[in-house]
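Asker: In case you want the letters, here they are:
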Amino acid sequence: MREIINKYPRLLHGGDYNPEQWLDSPQVLEEDIRLMKETRVNCVSLGIFSWARLEPEEGEFHFGWIRRIIDKLYENGIYTILATPTGAMPNWMTAKYEEVRQMSPEGVRNLPGRRHNFCYTSPIMRKKMKKINHELSRHLGDHPGVILWHISNEYGGNGSDASCHCPQCQQAFREWLKEKYKTLDNLNHAWWTAFWSHTYTDWSQIHSPVPNGESRLHGLNLDWKRFVSHQIQDFCMEEIRAVLKYSVLPVTTNMMEYFKPLDYFRFAPQLSIISWDNYPEWHSQKDEVNVAVRTAAWHSMMRSLKKAPFLMMESTPSIVNWKAVNTQKRPGLHELSSLQAVACGSNSVQYFQWRKSRGSSEKFHGAVVDHRNGSNTRVFREVSALGSRMEQISDTIYPTCNRPKAAIVFDWENWWAVEDIEGPRKDMAYQDTILAHFKPFWEMGIDVDFVNEDCDLQGYRLVAAPLNYLYKKGYAKKVKDYVEAGGCYVATYFSGVVDETDLCILDRHPLEELLGIRTEEMDAAPDHRVNSIGFEGKSYKTGCLREISHVIPGEGAEVLASYESDYYAGCPALTRKSYGSGRAYYLACETEEAFLKALYAGLAEENGIGTEFTGRLPYGVTVSHREGGQDLWFVQNFNEAETQMELPGTYARVEDGMELKGSITLKPFECLILAAK
Amino acid sequence: MREIINKYPRLLHGGDYNPEQWLDSPQVLEEDIRLMKETRVNCVSLGIFSWARLEPEEGEFHFGWIRRIIDKLYENGIYTILATPTGAMPNWMTAKYEEVRQMSPEGVRNLPGRRHNFCYTSPIMRKKMKKINHELSRHLGDHPGVILWHISNEYGGNGSDASCHCPQCQQAFREWLKEKYKTLDNLNHAWWTAFWSHTYTDWSQIHSPVPNGESRLHGLNLDWKRFVSHQIQDFCMEEIRAVLKYSVLPVTTNMMEYFKPLDYFRFAPQLSIISWDNYPEWHSQKDEVNVAVRTAAWHSMMRSLKKAPFLMMESTPSIVNWKAVNTQKRPGLHELSSLQAVACGSNSVQYFQWRKSRGSSEKFHGAVVDHRNGSNTRVFREVSALGSRMEQISDTIYPTCNRPKAAIVFDWENWWAVEDIEGPRKDMAYQDTILAHFKPFWEMGIDVDFVNEDCDLQGYRLVAAPLNYLYKKGYAKKVKDYVEAGGCYVATYFSGVVDETDLCILDRHPLEELLGIRTEEMDAAPDHRVNSIGFEGKSYKTGCLREISHVIPGEGAEVLASYESDYYAGCPALTRKSYGSGRAYYLACETEEAFLKALYAGLAEENGIGTEFTGRLPYGVTVSHREGGQDLWFVQNFNEAETQMELPGTYARVEDGMELKGSITLKPFECLILAAK
Amino acid sequence: MREIINKYPRLLHGGDYNPEQWLDSPQVLEEDIRLMKETRVNCVSLGIFSWARLEPEEGEFHFGWIRRIIDKLYENGIYTILATPTGAMPNWMTAKYEEVRQMSPEGVRNLPGRRHNFCYTSPIMRKKMKKINHELSRHLGDHPGVILWHISNEYGGNGSDASCHCPQCQQAFREWLKEKYKTLDNLNHAWWTAFWSHTYTDWSQIHSPVPNGESRLHGLNLDWKRFVSHQIQDFCMEEIRAVLKYSVLPVTTNMMEYFKPLDYFRFAPQLSIISWDNYPEWHSQKDEVNVAVRTAAWHSMMRSLKKAPFLMMESTPSIVNWKAVNTQKRPGLHELSSLQAVACGSNSVQYFQWRKSRGSSEKFHGAVVDHRNGSNTRVFREVSALGSRMEQISDTIYPTCNRPKAAIVFDWENWWAVEDIEGPRKDMAYQDTILAHFKPFWEMGIDVDFVNEDCDLQGYRLVAAPLNYLYKKGYAKKVKDYVEAGGCYVATYFSGVVDETDLCILDRHPLEELLGIRTEEMDAAPDHRVNSIGFEGKSYKTGCLREISHVIPGEGAEVLASYESDYYAGCPALTRKSYGSGRAYYLACETEEAFLKALYAGLAEENGIGTEFTGRLPYGVTVSHREGGQDLWFVQNFNEAETQMELPGTYARVEDGMELKGSITLKPFECLILAAK
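Chains as they are written, first to last, in our numbering: chain A, 714 to 1390; chain B, 714 to 1390; chain C, 714 to 1390.
Certain hints may be false.
Listed below are the simulated DSSO-like cross-link pairs for lysine-lysine, each with C-alpha atoms no more than 30 Å apart in a straight line [to be verified]:
no., chain 1, residue 1, chain 2, residue 2
1, A, Lys1139, B, Lys1139
2, B, Lys1139, A, Lys973
3, B, Lys809, B, Lys999
4, C, Lys893, A, Lys973
5, B, Lys1036, A, Lys1139
6, A, Lys809, C, Lys893
7, A, Lys1190, A, Lys1310
Simulated restraints on C-beta separations [what the hints assert, rightly or not]:
no., chain 1, residue 1, chain 2, residue 2, range
8, C, Asp947, A, Ser738, 36 to 44 Å
9, B, Val1272, C, Gln1105, 33 to 41 Å
10, B, Gly772, A, Asp1140, 39 to 47 Å
11, C, Pro1331, A, Glu1353, 44 to 52 Å
12, B, Ser873, A, Ser997, 46 to 54 Å
13, A, Tyr787, C, Ser917, 35 to 43 Å
14, C, Glu1318, A, Lys1380, 46 to 54 Å
15, B, Ser873, C, Pro1331, 52 to 60 Å
16, A, Glu1353, C, Pro1381, 50 to 58 Å
17, B, Glu744, C, Gly872, 57 to 65 Å
18, B, Ser738, A, Ser997, 50 to 58 Å
19, A, Glu788, B, Glu819, 58 to 66 Å
20, A, Asp1140, B, Asp784, 39 to 47 Å
These stretches of chain A come out as covered by chain C in the derived footprint (C-beta under 8 Å, 3 or more residues) [to be verified]:
no., stretch
21, 794-806
22, 1090-1097
23, 1200-1212
Don't read these hints as lab results, they were simulated from the structure.
Even for Gly, the Cβ is constructed at its ideal location relative to N, Cα and C.
Construct the entire structure; sequences and hints are all you get.
Answerer: What follows is the structure, encoded as structure tokens:
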């Protein structure tokens, strides 16, 4: 693996550190260093939200305090990830320059306060950002203790949809549209404005979608989402250029799950390494399996963005403070949850936060160091134990990464479009659909990548594209080429419905030739109208969305499953067609979990993507596979109970080389790391 | 029956047609004509939402394209209902003239976009509307293919309550109030403003009810609702005058169910024929009965508004796109649902929409022609079959109409007032109460009219007035005269409480003499305090609202049912008093369905309003009766299963004259049309 | 007892009277006098909401009409409580002076209308208030029939949180902060603004907490709540000074339950007597116990504010009109509910309202006199019977009051802070927690006072402080002194977490020495993670909040109860430590009701605070104890059924001296008033 962070090429352990809150308590800062060493913390993030300390009045910069802290950390073997401070604006700026504050869809300018609330278009904000970033870079960009730039913080995380509707954003949006469509005729056609007399006759008539204006022109909605993502990405790029003016360090920005407003696939190329903030809702359900699956999917997305290891930049060592009920992680779960990240490709376990703040809104968010009790807490002890273990495994793990043979299509533009539709049902739940298709792989211990429609599909043996409503230009051809060359492709209901501008694709489905089927209606059924499909001798319940399709005679599609009742009884629910050297599947309806499990078990076998663990994993246990230096298996037990399993071979435990084979007992929430022998 | 549409006096089959979306695809327009003929479409609605095509820039009019389409349709035997285009405003207008856009209760002017969003008071909007309507009428008002004016579209359908709170509306409201009350003293008394020191001392102090201002002065609330309905009606009248300047065609406007903001009884006189848009939620419940009842009630309202046949101007051939779950109509239900309209008095089956639009917000709303598959769809085949059947029955059906002997009072002003009350409970659910009283008639196969308090009651043998809270001036006397002359009247709990200005009527109930009872308290009971009433040897559960009344000694009321428990056990729940040649009933409380069924079965018999089918209809089956040319019975099976029934006589099937008698089997969702032999 | 209302030192019976609505109906006013005498009404409240009648145009005052009514009442033996009219502003004022209207958090100025909607800061409002109050006082402040000033009405009851966000309030807030913090450095430290770069560099940057500005700076939130309460209290004080300019009468203002925005403990000293408006939701649950407990707690709070009798200034004789379902009080409950007030220390039973208004928003709120039926209603009869009984008992009751030996800490500042926290769970439900601790006392027939953290604790044998999150300066020392001197103190989970500015108290719990325990984590558990504690041989379920603490070795705390499962099984759930002459308890978690019942039964016995009835009361029955002239017991049966009980001694019924002892039968909803023999 290419060394991204070449100053400190090891697993990182640490987290967000906010000494600016304690500058008048030097004994606290002393204690921090001591406790960090006790917990084997080797890296902290500094400067997030420090603008008011770094530039307390406009143009007056103070870097001494932060340099002294970086020095002290470095002297003690602790490296720094240095943040640009744009996550929150100082009061002097928001008071003086109104335009830096976001405007709501209702046209109301925000008052100062909170965070992540600046206008990404505002020239003044960009100017002030460049100035502070330049200064930061000039003063600290070559400090030997600084290893990575942390660009801003959780871009777009203003609690709503990240958008600003101010006049400057409106104007920038119009410019962006002009660049894209060239003429109003093109735009009017693309947005189908003849409907409801919405034809634009002047660029100035265009306004962002808002509740008290235009909100149901789906082409406009989609382009607005693209613009917002673009504008934030552009701001991020401008931040990066600013810090790189006096520095050659790698850059990252911390992402948030599948954050809907930002198309992270477009952010990835401009970053040196992907990082993200991981806050699963452990203990919120009767067991941890669904949360584990969802979290594994998030990690997999982060790894997929650059097909490379990433950093878990934030996680809580105990609880968060923003859930309805903030439950402590049970003993062992912190270590498992942290190593799950590593299992999926993370090269770090970083926390928000090192020390609980004394006041304000996150004072009850979990931290390594609490308000009371110093190092004498369960959390501190569990963090320390994990820190020691990470030191032990760092050399073995660092050179490796996961290399999946299967991929699921997850495309932000499709997401925006499919969840904005009116009909066939409300709440199309794209994420949940993706997860339903991801879970069978997790249960089989098969790592999966995510790709979007622009990615290369070659190299995967299986590609599934659930609820793939919007087909970008060239996508259908790419899929056909992929299958022709031997790939296996799974299409579902409500796919290939619209083109890039959300206009319905007329006459024929773009993959009609590939799939060999013709779809006639979509039936969205209420709960009381149950149906089922018969597949391999079993009956499986259908969900709400059910397409009614017909095999096109003579086109070669085989029916593998059919509806069992209602007026479309006998219509195909699952078909397969051989095409070139590959095969294309079509799934007509939502189904219960068990069907997808059966489907993908068959496809895994058919396409040879299973691992040696596939078929042997007990409920709640999964494996992830990092390859490279060595062949490593992370066996993760998400059961809150001891669990028996049969190993498929003989392995050495990475920490101590102990040989393991045959039947073993996993402790509650245990994560074993095994090397192939 | 008087011929309203004398250019084409037949059942209409067709729907909304939007060729302006396809002007650059002449092959689509060609295909439309071919497919229309295949489905026996004989009439389409044109021009709804075409303003931006008809007047692309201010003062620049284009009628050629639409004339060519009307010509082409007419050449192919297809007639046109021509719409005024005010349903949506073009962008040039909303951009140039701010005042045409509605203002929210919060005082925020809407941004351009959506539809139905213009200010009904704005002089500029009225001027622009008159201009386009004049031009439309002058150019196309005498085209031989145009048979009817479709004035605007779904007035008031802006998604909220149809109101605009702009300064011009405020001023118009004040003028309307001055006209009504003459002096502030009158207004202050009517609105009881001494309460909470709300006395107005200048007309300019009056403002529409808004959340951050006055919202609990119920007299103001009621007058504001009257004003909004009046203002829209006035706008409609101005549209009508504009199109009739150069045209002698009949006029209609498409209504929406019981649309609360518009008092359709006041609209009716200015229209030539009533039309409405019918979107029942089929398949949303475990069976179709309640939806069928609700839909029959809507149809009955439309027929009642002019006591004449009406047009179903819109309906979906398959699904809508705005429900939480948009379920396909099961085979047969489309035909039944369409003929239900005819059974209740409609002379048309029109669809929204002929062809699905390619983009924007309604692209997934059902249509006769889908994005793909041309005529090769189930929907297309079902529409075609219905079109053929309508051609067969048109001559027989057209001259007839329903002529009910029973009526239910449904009064918009009462609705506004009773659902605005504070106490005795939230959500007085006027519509649901009306439906509860309508359903027993539907189950007995008895057509019912709706009347408001201004209508003539003579001519009906039975009038029920559920939840008739507000008594207009003269209403009590009208009821007494009606009963005295032999009528049967049913009053319920919470009736006659207030006068026209929502002031409580003091001292005595206005119908005390007629009913012979005195009401002392209203008990609104929570769910856990069950009670029941005994009636004809059976016990029936009561609902939440329960009046505690006493028979006035010596006044002649008989107690037919009494409460069975709690502190008002023994108090009357149902009384009857003979008065003149008639009888007056008083129902003291909400009850379960079964009680109303028993009550109205008795009253139907007592008043001789049953039909030959009454008492013989299986669950889910009803009949409607159109009289005139012939005596026609529409036997409608809303069961999704074959259903046996016994015919009460010998009938001829209208389509082919086949004789039917005795026991017959109705197919799932079958509608038989029978002529008396 | 000190005579507060020395003009008429008796139990009051009457209520709000609004003759200004009926000035044009003199027969109504005549009838009122007659009916008041029939119901034994001896006191009414006049002038609430009369501003528009008293000053119909700016500077034009009309006092004749109200003087004539006071005269007439007085001639008939009916006294007047005279209100200042600021509860609602006249239209001439709101129209002319915009600044008198409140501004919403969104920065929108309210339109005229409703009530309780004036800006408490506005100089113009204060000037106009002073003028009308001066005039009122000058004209009527020495009328022999007027016995008490009723200052305004339900301060802060604008339906939201009582606050105004206008520029004048912002400025006043900043001045208030300057006075409090002196320097921005102090303020920045107290609010911990270094977090998220929120440091203020100029006073003008400070703004009230609003949704589109700063909303999560908890120190700001808390100070804003303090300011709002202060500003309203200051307005009230200014009203009081204005009426006392020409009058020496006592003053009160009618409070509302535990009205969250107003710290009633701070209002109390400036009032002569406490009064409040009591609207329990009788019949909303399966039985009346929880409503009775909640209501008893409210009454107890009112008595505690001045440790003296209070007035129940409003209550409904039947129903209110603002609940989802407004259920009639069952026979007997009105008398019980009214005497419950007296049992808890009220010297009045006053109603809202004497006569139902004819129009506007409260026309369906219950009243003694209804729109119809005159005196011939159940409600009128029950009110009359109660009036007679109150005349009988007045002399006996008046000199007495309750004198509890136990107190519960209820502190408004703690309330504001604990319900504004983010983490460990949403909705900390302070009121419900307080009630959970109050209920066991109610069930044992033990009166309890409420105290806040500023109150003297000496004099109570037991003090419980549930969920006491915020410790004011000096509070911890006061508690230690109290226990040392022999008191018994109960601390719970999540206590002593922050100081007065919501900054976490670092290092040690302020009562660590007193309690002898150390708390390590808070686990907020979802419903499916049940746990239990073992106490005195029984197992009790825990609630959501569970602290994990450890006894500090050698510090002397005994473990009385422990968790029974999960990773903190065995950790203490209840501890006790002797300290000086007293004892301190620590409760680690929320529990089911039964546990608190067992806990306080033991503590009542241990501390000798039980009464002779404790342990003998059947379900649904409680007693209250008024002492002074005689030793009086109010035995209250909240069961809607006859209930047997055993009297602990021999008593004389106050009304007639009848001797009662041994086993007796209470009628449904009966309230017996017994004197010790």
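Asker: Take the hints in turn and mark each one as holding or not.
Answerer: Now the hints, each set against the structure:
The suggested pairing of Lys1139/A with Lys1139/B holds, with an alpha-carbon distance near 28 Å, which does not exceed 30 Å. Pair hint Lys1139/B plus Lys973/A does not hold up; C-alpha atoms about 39 Å apart against a cutoff of 30 Å. Our distance criterion of 30 Å between C-alpha atoms is broken by Lys809/B and Lys999/B, whose separation comes to about 51 Å. About 44 Å separates the Cα atoms of Lys893/C and Lys973/A, which puts this hinted pair outside 30 Å; it is violated.
With a C-alpha separation of about 7 Å, the suggested pairing of Lys1036/B with Lys1139/A holds against the 30 Å cut-off. Only pairs whose Cα atoms come within 30 Å are accepted, and Lys809/A paired with Lys893/C is accepted, the gap being roughly 26 Å. A hinted pair counts as satisfied when its Cα atoms are at most 30 Å apart, and Lys1190/A with Lys1310/A qualifies at roughly 29 Å. At about 37 Å, the beta-carbon gap between Asp947/C and Ser738/A stays in the expected band of 36 to 44 Å.
For Val1272/B and Gln1105/C, the hinted distance range of 33 to 41 Å is satisfied, since their beta carbons lie about 39 Å from each other. Restraint check, Gly772/B to Asp1140/A: a C-beta distance of roughly 45 Å satisfies the suggested window 39 to 47 Å. Evaluation of the 44 to 52 Å hint for Pro1331/C and Glu1353/A yields a pass: the beta carbon distance comes to about 45 Å. Here the CB-CB span from Ser873/B to Ser997/A is close to 37 Å, at odds with the stated 46 to 54 Å.
Between Tyr787/A and Ser917/C the beta carbons are some 41 Å apart, a value that agrees with the proposed interval 35 to 43 Å. Against the hinted window of 46 to 54 Å, the Cβ-Cβ separation of Glu1318/C and Lys1380/A comes to about 47 Å, which satisfies the hint. In this structure, Ser873/B and Pro1331/C meet the distance hint of 52 to 60 Å, their C-beta atoms being roughly 55 Å apart. The given range of 50 to 58 Å is respected by Glu1353/A and Pro1381/C, whose C-beta atoms sit roughly 51 Å from each other.
Separation of Glu744/B from Gly872/C is about 59 Å and conforms to the stated range, judged on CB atoms against 57 to 65 Å. For Ser738/B and Ser997/A, the Cβ-Cβ distance of about 52 Å falls inside the hinted range of 50 to 58 Å, so the restraint holds. Roughly 59 Å separates the CB atoms of Glu788/A and Glu819/B, a value that falls within the hinted 58 to 66 Å. Roughly 46 Å separates the CB atoms of Asp1140/A and Asp784/B, a value that falls within the hinted 39 to 47 Å.
With 7 residues having a Cβ less than 8 Å from any Cβ of chain C, the stretch 794-806 of chain A passes the three-residue criterion, so the hint holds. Here's how the stretch 1090-1097 of chain A fares: 3 of its residues keep a CB closer than 8 Å to some CB of chain C, so the rule of at least three is met and the hint holds. Residues of the stretch 1200-1212 of chain A lying with their CB closer than 8 Å to a CB of chain C number 0, which falls below the three-residue condition for coverage.
Hint compliance for this structure: hints 2, 3, 4, 12, 23 are broken, all remaining hints hold.
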